[in-house]
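Put chain B on the given structure of chain A with help from the hints.
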Amino acid sequence: MDDLTDVYNELIMEHSMNSYNKKKLEKADYSEIGHNPNCGDEITLELKLNGDIIEDMAFSGHGCAISQASTSIMIDTLKGKTMEEAKEIIKTFIAMIKREITDEEELQKLEDAIAFKNVSHMPARVKCALLAWHTIEDILNQKEKEKENGK
Amino acid sequence: MNVEEIKKDFPILQNRNIAYLDSGATTQKPLQVIKAVEEFYENYNANPHRGAYSLSMEATEKYEDTRTKIANFINAKHREEIIFSKNATESLNLIAYSYGVDKLEKDDEIVISIMEHHSNLVPWQKVAKQTKSKLNYMYINDEFEISDEEIESKITDKTKIVGITHVSNVLGTINNVKKIIKYAHKKGAVAIVDASQSIPHMKIDVQDLDCDFLVFSGHKMLAPLGIGVLYGKKEILNKMTPFLMGGDMIEYVYEQETTFAPLPNKFEAGTQNVEGVIGLGAAIDYIESLGYDNIQKLEEKVVSYAINELSKLDYLTLYLTPNKENHSGVISFNIKGVHPHDVASILDSEGVCVRSRKPLCATTYEIFRY
Numbered sequence: 004m005d006d007l008t009d010v011y012n013e014l015i016m017e018h019s020m021n022s023y024n025k026k027k028l029e030k031a032d033y034s035e036i037g038h039n040p041n042c043g044d045e046i047t048l049e050l051k052l053n054g055d056i057i058e059d060m061a062f063s064g065h066g067c068a069i070s071q072a073s074t075s076i077m078i079d080t081l082k083g084k085t086m087e088e089a090k091e092i093i094k095t096f097i098a099m100i101k102r103e104i105t106d107e108e109e110l111q112k113l114e115d116a117i118a119f120k121n122v123s124h125m126p127a128r129v130k131c132a133l134l135a136w137h138t139i140e141d142i143l144n145q146k147e148k149e150k151e152n153g154k
Numbered sequence: 010m011n012v013e014e015i016k017k018d019f020p021i022l023q024n025r026n027i028a029y030l031d032s033g034a035t036t037q038k039p040l041q042v043i044k045a046v047e048e049f050y051e052n053y054n055a056n057p058h059r060g061a062y063s064l065s066m067e068a069t070e071k072y073e074d075t076r077t078k079i080a081n082f083i084n085a086k087h088r089e090e091i092i093f094s095k096n097a098t099e100s101l102n103l104i105a106y107s108y109g110v111d112k113l114e115k116d117d118e119i120v121i122s123i124m125e126h127h128s129n130l131v132p133w134q135k136v137a138k139q140t141k142s143k144l145n146y147m148y149i150n151d152e153f154e155i156s157d158e159e160i161e162s163k164i165t166d167k168t169k170i171v172g173i174t175h176v177s178n179v180l181g182t183i184n185n186v187k188k189i190i191k192y193a194h195k196k197g198a199v200a201i202v203d204a205s206q207s208i209p210h211m212k213i214d215v216q217d218l219d220c221d222f223l224v225f226s227g228h229k230m231l232a233p234l235g236i237g238v239l240y241g242k243k244e245i246l247n248k249m250t251p252f253l254m255g256g257d258m259i260e261y262v263y264e265q266e267t268t269f270a271p272l273p274n275k276f277e278a279g280t281q282n283v284e285g286v287i288g289l290g291a292a293i294d295y296i297e298s299l300g301y302d303n304i305q306k307l308e309e310k311v312v313s314y315a316i317n318e319l320s321k322l323d324y325l326t327l328y329l330t331p332n333k334e335n336h337s338g339v340i341s342f343n344i345k346g347v348h349p350h351d352v353a354s355i356l357d358s359e360g361v362c363v364r365s366r367k368p369l370c371a372t373t374y375e376i377f378r379y
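These protein sequence lines are chains A and B, in that order.
Each number in the working numbering corresponds to the 1-based position in the first sequence with 3 added.
Each number in the working numbering corresponds to the 1-based position in the second sequence with 9 added.
For reference, chain A alone in the conformation it holds in the complex (with noise of 0.2 Å):
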């Protein structure tokens, strides 16, 4: 890593240190708990749906500045999008921080989590900042089939 303010940046700090998002949601529909047993990172994320569309998120437990801010982020980003768009958006991130995406058009679609790019060079934290977003997939996922069944 050549230089890591990078990956701690300001938006990146500022999330991490004191998130908006880190609070419990009143009503949620969904509440799934991510952790990554290496480093001990668990948070739990909710979500509230309004139709097709996510419309509140939040977000409670511990783990490394990335991690944190890369939950907070991820809500920023995804709250107001209908499920396709916000899928469309966490396969983007994945491939972003696996390096399968380099191209900047194609990661605007990120907006602020694009602060994440560098990341991809840091093997080690790779897990931390994917954390989240695995989580909402596995909601997502976990809707799906529901509609699947006729739920």
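In short, the hints are calculated from the structure, not lab data.
One should not assume that every hint holds.
Unchecked claim - Heads up, simulated DSS-like pairs for lysine-lysine below, C-alpha to C-alpha not over 27 Å straight-line:
1. B:K112 to B:K243
2. A:K26 to B:K141
3. B:K345 to A:K130
4. A:K82 to A:K112
5. B:K195 to B:K112
6. A:K27 to B:K345
7. B:K345 to A:K25
8. A:K120 to A:K150
9. B:K196 to B:K141
Chain B alone, transformed into the frame defined by chain A:
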């Protein structure tokens, strides 16, 4: 003893610009060890105990000579009390399965300390479940030590097995293993010592300790990865059933029955990690050439300097016993308000390798609230 001279023995420290502070996880290897492995493959490689040709016999000799070397190194009474394994974890699993599962009965007790490495903890959970015995813990006091009262209240007449780490990989505490072993014996239990973190730093004498079992990994004491040792008292090992079945641990094989080889082969199934054994022998030679006295003097200097400097940082919390004589080389700390994983990344960017994440032992982790 000159640090700069010693550093020259470690090629990786010449090739990489790092401060390697993670020897508790695995040590770097001196050239003497690397060369010994190379020399084995270039001149002696064959399967020990198998061939009737001179090359195989020479390989056998090298392998068995190292067993004797290790027996002398830890002052075992008999060379066949030294069993080669993959690492301390495998040695502990061997004890858990071949001793624990066989000997324990319902309501018996297993006692270990709260600062055990997972490999001296999880196997005992399994044994306890399987035999319906109980797993009890000796906890630490405010000084990160196990008090005499704790030892005497946890080891009871029902205790059959006591497991204790000599030096904690999380806290650096040197446990009073002699006292624990003595008390275990008084209550009729066998005592197992995990010496993985102590053997690179201090002389181990199994007869003086009077432990029934002692385990360690080669890779934490300058030897290659994948080689470990189990020491067990001969009379106990003789009564135990084999752990793994296969080649070299058998005497006669019939279609339905097999008789097993005597010690130590009984516990060494399959072709062994001979290069690891050779490397471990070279590591012991290297440690002995430096001398434990010199190693300790040097460590004392480095460790007290580090503790002294780290104590000056008010944003840093140290977790170590205030009793200097009970502390080895591990220094655990937290930076207030910063997750250990972030600390490790930032130190890494400066070429400093430290252990981060939660400590290997989730149970001890409870005290590391940052």
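So which of the earlier hints does this model not fit? Numbers 2, 8, in rising order.
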